[in-house]
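Can you make the complete structure from the sequences, with help from the hints?
If you read the sequences in order, they're chains D and X.
Following our numbering, the numbering of the first sequence begins with 1 at its first residue and continues without gaps.
Following our numbering, the numbering of the second sequence begins with 1 at its first residue and continues without gaps.
What the hints contain is simulated information worked out from the structure, not anything from laboratory work.
Check the hints yourself; a few may be wrong.
Heads up, simulated DSSO-like pairs for lysine-lysine below, C-alpha to C-alpha not over 27 angstroms straight-line [to be verified]: (1) D:K71 - X:K158; (2) D:K71 - X:K25; (3) D:K83 - X:K25.
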Amino acid sequence: MSDMMANDSPSTVQALTQAVFVLALELWRTKDRQHALESVLAAQGSNVLDALETWRPTHEEDATWVTEREKFVGALFEALGPKLRPLVT
Amino acid sequence: MHSVIPYQLRQRGRAGMEFLQTVSKLNGALRPRIAEELTQAGVTNETLPEDLDARLAFVDERMTTAPAWRLNQAANAFVSGAHGRVALQAFEDIRSEVEPELRRLEAVGPATLTENPALKAPAYYQDVWFHGTEGGWSGHPQQGFIHGELVHSQLVAKAFGGDIFAMRRAMLGELPHRDFADIFEMGTSSGHYTTALQQAFPNARIVGSDLSAPMLRQALRVANTQGWTWDLRQLDAEKTELPDAAFDLVTAYSFLHELPAATIPGIFAEAHRLLRPDGYVLMGDVTPYGVQDKLSVWRADQSAATGGEPYWREVASLDWAKVARDAGFQDVRTVAMNGAAKFPFVVVGRRP
Numbered sequence: 001m002s003d004m005m006a007n008d009s010p011s012t013v014q015a016l017t018q019a020v021f022v023l024a025l026e027l028w029r030t031k032d033r034q035h036a037l038e039s040v041l042a043a044q045g046s047n048v049l050d051a052l053e054t055w056r057p058t059h060e061e062d063a064t065w066v067t068e069r070e071k072f073v074g075a076l077f078e079a080l081g082p083k084l085r086p087l088v089t
Numbered sequence: 001m002h003s004v005i006p007y008q009l010r011q012r013g014r015a016g017m018e019f020l021q022t023v024s025k026l027n028g029a030l031r032p033r034i035a036e037e038l039t040q041a042g043v044t045n046e047t048l049p050e051d052l053d054a055r056l057a058f059v060d061e062r063m064t065t066a067p068a069w070r071l072n073q074a075a076n077a078f079v080s081g082a083h084g085r086v087a088l089q090a091f092e093d094i095r096s097e098v099e100p101e102l103r104r105l106e107a108v109g110p111a112t113l114t115e116n117p118a119l120k121a122p123a124y125y126q127d128v129w130f131h132g133t134e135g136g137w138s139g140h141p142q143q144g145f146i147h148g149e150l151v152h153s154q155l156v157a158k159a160f161g162g163d164i165f166a167m168r169r170a171m172l173g174e175l176p177h178r179d180f181a182d183i184f185e186m187g188t189s190s191g192h193y194t195t196a197l198q199q200a201f202p203n204a205r206i207v208g209s210d211l212s213a214p215m216l217r218q219a220l221r222v223a224n225t226q227g228w229t230w231d232l233r234q235l236d237a238e239k240t241e242l243p244d245a246a247f248d249l250v251t252a253y254s255f256l257h258e259l260p261a262a263t264i265p266g267i268f269a270e271a272h273r274l275l276r277p278d279g280y281v282l283m284g285d286v287t288p289y290g291v292q293d294k295l296s297v298w299r300a301d302q303s304a305a306t307g308g309e310p311y312w313r314e315v316a317s318l319d320w321a322k323v324a325r326d327a328g329f330q331d332v333r334t335v336a337m338n339g340a341a342k343f344p345f346v347v348v349g350r351r352p
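Listed below in structure tokens is the structure:
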């Protein structure tokens, strides 16, 4: 994989645009699944929307979730700049 | 500094702010690699040109293929461009819940806010999205809560890591005495430095000012929550229309760099007019380029150019001591605080 951040050639811009569409596709699938999940739970009588808005992780869950988020963003950084690996250890 | 009201962001708002925090954190982790890339590209204090524009171009040209630098710039552009919008969306999600309490806090006293809807903002202020604020400091009726609370506590303070208010308090240690009874603050914004003034001088009368009524409303809430009697005024610091010799301290923190350099002499002149004999001016702001090495100046200049700081370069190029002396101040002293950071850079002077 070429290093996108160090190369502005048309082919790289094309590749980056493709990556955005792939990401948007996955995001839409996740949004659709979340919508389906909420609808199913609501149909079963669960007041899931209010619970989602006010949910907060426990201290332990939060530490894990912060790590997960850093891995997620780190993977993005490393995908955009492969020569920078490892960014998150 | 705690929030004026308890609030809980909705899931999307919380997740959005947390995502930006993480991007900022990982972007910061690139700094050592950028330092290596600069060295490898031959960017040093010795090779950088004198001219600031030429300096920016020199580095840009040599860092075109530096991966950490390019990624850092892209991530900076994303956070800088998105944070105001993400915070605004997070606020709009909870607006109906928090706004009644925000309005109640504005009305309970003991602080007061005199808004001036007829005030014509200077041209340098209009349509400028300082710090990436959506629409500028007056761009939303609740911009004070959005930026003074959401952006500052959820992003700025967390990215800073330590006690971000300590510098404001430490700056006050540069004053020659503690007997100030009447204090005028320029650029109060949402009241962060005003809080430091209140804590350092609990018995003083504090008059805070700003062009932005939305930001001052947040300062009003901060004061009312704590029972502080701040007198807040929406006005132009260049021409306050306040009486002569009404104060014994005129001060500002991180305010001057949001004004064009051409206005700064007028600001000091107005401070001089407002002070009684033996009153003091105390200004803390960006580190002048004249006291930094070329590489540090390039970092500051480059960051300002891409971070919603249109007047940073021209203000950082001023000789602060000369500006204060030219306005009539005596015993003028400058201090570069916090060791190598040299921030804030403080100028203090006495009105004879």
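Each hint tested on the structure:
With a CA separation close to 19 angstroms, the supplied pair K71 (chain D) and K158 (chain X) stays within the 27 angstroms bound. A threshold of 27 angstroms between alpha carbons decides the hint, and for K71 (chain D) with K25 (chain X) the separation of about 12 angstroms falls inside it, so the pair holds. This hinted pair checks out: K83 (chain D) and K25 (chain X) have alpha carbons roughly 19 angstroms apart, not beyond 27 angstroms.
In summary, this structure violates none of the numbered hints.
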